[in-house]
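Residue numbers (the numbering used here), protein chains in the order written: chain A, 1 to 226; chain B, 1 to 383.
Read the hints as simulated data drawn from the structure, not as lab findings. One or more hints might be untrue.
[Said to hold, decoys possible] Mimicking DMTMM-like on lysine to aspartate or glutamate, the simulated pairs with C-alpha atoms at most 25 Å apart in a straight line are:
1) B:K171 with A:E92
2) B:K171 with A:E11
3) A:K10 with A:E92
4) B:K139 with B:D114
[What the hints assert, rightly or not] Chain B stretches covered by chain A per the calculated footprint, using a threshold of three residues with CB under 8 Å from any CB of chain A:
5) 48 to 62
6) 155 to 164
7) 305 to 314
8) 318 to 328
9) 369 to 377
C-beta: ideal position from N, C-alpha, C; glycine also.
Residues per chain are reported as follows:
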Amino acid sequence: MIETVVPSNKEMAAALKRTATILSELHILSPEGNGSLGGAADRLLREPEKHWACNTTKSQPITFEKRTDRSKQSFQPTIGVDRIEVRENGEELPFVKWDISLLLKFDNGTAHCPRWHFDLGNPDQEGPKTHLQYGGYKHPNNPGLGPSVREPRWNTAPMDIILLCETVSANFFHEIWERSLRRDTSWTEIVRMSQRLCYPHYLRTLYSSLNSSGSGTHLDHCWNRQ
Amino acid sequence: MKQGVYLDDDDSQREIYKGLLSDENIDFSSTVIPSSMASLISDIAEISPDIVVMDYRLDGTRHPEWHNDFKAGGVAQVLRDKFVESPESDIPLVLLSTEANIQSLFVPDKTSHDLFDIWFLKNELHEDSPIGREIVLPKLAALVDGYELIKREVSGDDPAILAPGLLALEKEEYLELQPDGLKPVLLNSDGLPERAHVVARQIFQNVVKHSGILLDRDGLRARLGLTVESFERLCQSVSFEELRYEGVFSNGWERYWKHRYEQWEANSFDVLLGSLTGEKRALLLEEKFDVQCEPAVSRWSKSSSEYFSFACHVCRQPTEQRHSVAVFEPRLLPFMERRRVCYDCVETETEMRRMHIRVSETDEATVDAIRDERLPKPTEGEE
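Throw the hints in and build the complete structure from the sequences for me.
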């Protein structure tokens with residue numbers, strides 16, 4: 001089975017800086033987003049080598065260039081990282097904290113701003129350990145625009161900053177991604193480093209549930225244990 | 001004492017500004033009359049000044065024996081060509097003109113912008129100006145000192161230490177900082193230093209004047225999210241001197257290293273101030289340093305529950321990203337921050353127009369919505 005590989009703080013900082021450069025040159029990342037990723041990388045360099053944490057500030061999240069929806073409304077994909085904290089943890093999940101979100105921030109102050117929020121379930125919380133949840137953006141002019149229901153908490157493999165950047169690039173900047181990123185070796189190397197951090201633990205859980213001759217589903221395997 | 005030359009085709013203006021430009025650092029008493037390009041260049045070469053300041057219009061005076069059909073841009077171009085041939089004579093070129101000439105002639109003449117290190121308005125040297133000689137003249141002296149330092153550094157043997165030398169950083173600290181995109185604009189394709197005026201322009205325009213690796217006082221205050229008064233009080237108790245930039249041009253422009261600020265922040269607090277609202281930052285600063293701290297207030301939302309991030313490029317007040325638009329900046333290097341303008345200055349419009357600020361294409365619709373009053377002001381903070 002594939003092992004989790006936790007990059008050192010320096011390796012992740014270099015990967016974040018490289019991500020910032022590549023996505024800025026392709027006009028996917030905004031200059032502010034470039035600064036935000038650079039700041040996160042600089043802070044990472046001050047972290048311990050093996051057990052590091054990474055974040056962005058609320059005053060300067062990772063913003064991408066603006067896009068328009070079907071009604072020609074302009075929005076800005078925005079990644080916020082409250083905290084991602086990792087450690088080498090053998091067979092266990094390498095994340096101590098994992099709290100990252102993607103917001104589509106519409107310029108029009110009255111529009112609904114979709115937001116997807118990934119994090120670890122609290123030990124006493126019913127739901128999958130690593131989950132994706134919709135909502136959580138407090139609309140300044142109309143708090144009622146946000147969803148009133150917190151569920152479902154989707155069972156998902158963790159994604160770090162780089163994997164979420166890849167998702168944003170492939171979905172919202174599809175032509176550029178197809179033309180200049182999808183098969184670019186230096187970019188895919190960066191993404192593969194994040195894949196080796198994020199996916200093996202989830203893969204092992206999935207494999208184990210598929211292989212299990214006894215009772216229990218994959219969701220059951222991933223559900224927070226009391 | 002340094003030597004300066006002031007060029008003006010009008011005799012009385014020339015005498016007035018030679019006097020106003022002179023101080024204990026630079027003597028502008030030499031007279032060069034712009035009667036023809038050839039004589040002017042030859043006179044300047046003879047004086048061998050440390051700085052040349054010129055009025056924009058040098059073609060306003062008609063004289064039967066004069067051939068002065070040129071403006072400051074033409075003179076600057078010829079001087080810059082000369083400096084390429086004799087790099088040791090490279091000096092700062094400064095434009096000093098009236099608001100009308102700057103706005104109607106210099107601003108549209110984009111080809112000559114890069115020839116001058118900086119421009120000032122003539123009335124900024126007058127006693128009744130809010131800027132005044134005490135602000136302008138030290139900047140001229142700083143340009144002269146800066147060019148001397150640059151000329152020394154570019155003639156050094158090791159191009160690898162050019163940037164740390166100019167920025168007055170130890171090599172180790174520079175290696176930690178590694179501003180992405182700076183080295184390629186200081187060194188040419190052979191890896192050798194560019195000419196002094198090219199290096200001066202890159203450092204001055206992209207490092208000193210533009211936030212990125214350095215912060216000015218307004219930028220520092222914005223990161224702390226404080227009012228002017230509280231920031232000044234805090235500066236009495238907290239020494240930001242260790243954060244000070246001491247490299248080229250630092251004696252004319254007060255700047256602070258952003259990476260040292262971030263280190264100070266990390267040493268002082270368990271949280272990043274940028275993840276707190278202005279209100280919470282002020283409470284934390286007050287508690288930590290025992291100084292009364294009032295949070296800044298967003299000019300748009302009138303609230304301190306904002307995540308202040310930078311100083312608005314127009315009003316210089318602490319501003320939050322969500323209530324600001326990006327400035328159109330086609331020549332942004334990777335280490336530079338894109339400048340932004342608060343919604344309030346977009347709405348007011350006047351100062352933006354005077355400063356010839358263009359907004360990024362992607363924010364043009366937001367500008368229209370603000371000015372057409374279609375963008376509602378927020379009623380409460382965001383979580």
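(message) Could you work out which of the previously given hints the structure breaks and list their numbers from low to high?
(response) Of the numbered hints given earlier, those the structure breaks are 1, 5 and 6, listed in rising order.
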